[in-house]
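Q: Sequence:
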Amino acid sequence: MIGTIIPNEHEVLHVRVTKAQAQANREHIVETASELFRERGFDGVGVADLMAAAGFTHGGFYKHFGSKADLMAEAASCSLAKSLAGAEALDVPGFIDVYVTREHRDGRGSGCTMAALCGDAARQSDEVKTTFAEGIERTLQTLGDKYPTGPDAVVGEGRKKMIDLLSRAVGAIVLSRACPDDSALADEILEVCRAEMLASLPVDEEVV
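Each residue of the sequence shown is one higher than the one before, starting from 1 at the first, in the working numbering.
These aren't lab readings, by the way, just hints derived from the structure by calculation. Be aware that one or more of the hints could be misleading.
[As the list claims (entries may be wrong)] SDA-like, lysine to any residue: derived pairs with alpha carbons at most 25 Å apart:
{"id": "1", "residue 1": "Lys-82", "residue 2": "Val-47"}
{"id": "2", "residue 1": "Lys-82", "residue 2": "Ala-52"}
{"id": "3", "residue 1": "Lys-68", "residue 2": "Ala-54"}
Model, not experiment: these values are computed from the prediction.
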C-alpha cells in the first residue's frame with residue numbers, strides 16, 4: 001500500500017514563497033513594460049529587450065504571458081488605472097493644469113498612456129483596443145461627473161463636454177511631442193490649449 005505523502009511545513013512555505021515571488025516577478029514585468037511601451041511604442045521594444053530591462057531572461061517571458069499582445073493589454077490596463085487614480089483626486093481645472101504641461105509632455109515613460117499609445121493601439125488587436133476603450137470610458141465617467149455645469153444643464157452634458165476636453169488635452173500632448181524638444185511651437189501648443197480649455201469651463205456664479 002502506498003502511503004499519502006504529506007509535505008512538511010518548510011515545503012509548504014517554499015511553495016507559497018515561490019508563488020508569491022512569481023506573482024511579484026509578473027507585476028515587475030508589467031510595470032517595466034508599461035514604462036517602456038510608453039517611451040518607445042508597442043512596436044519599439046521587443047520581448048528580449050523588455051525582459052532584459054526587467055532583469056529576466058527572454059525564455060522566462062512565456063511562463064507569465066501567452067504572447068506579447070497579452071502583455072501589451074495588461075501593461076496598458078495597469079498604466080491606465082494608475083493615471084485614473086491620479087485624476088480622481090483632481091477637479092476638471094486641476095486636471096487641465098496637471099495634464100497639459102511641459103512636464104507631462106517630457107515625461108513620456110511616466111505619463112498618460114492615452115497620449116503615448118493611442119496611435120499605436122489603433123493598429124493593434126481588438127484585445128488591446130478594448131483595454132484602451134475601457135480606460136477611456138472610466139476616465140470619462142470619473143471626470144465627467146466633476147465637469148462644472150450650470151443649473152440648466154441637461155443629463156449627460158458633463159460627459160459630452162468631457163469627451164471634447166479629453167480629446168483636446170490628449171491631442172495637445174501628442175502635437176507638442178511631435179515637435180523638437182526645444183521647439184517654441186511645442187510650448188505654444190500647450191500654453192494655448194491649456195488656456196483655451198480653462199477658459200471654456202463654466203464659471204460658478206456666486207449669489208450676492
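Q: A separate judgement is required for each hint: does it hold in the structure or not?
A: Results for each hint:
The straight-line distance between the Cα atoms of Lys-82 and Val-47 is roughly 23 Å, inside the 25 Å bound, and the hint therefore holds. With a CA separation close to 24 Å, the supplied pair Lys-82 and Ala-52 stays within the 25 Å bound. About 15 Å separates the Cα atoms of Lys-68 and Ala-54, which keeps this hinted pair within 25 Å; it holds.
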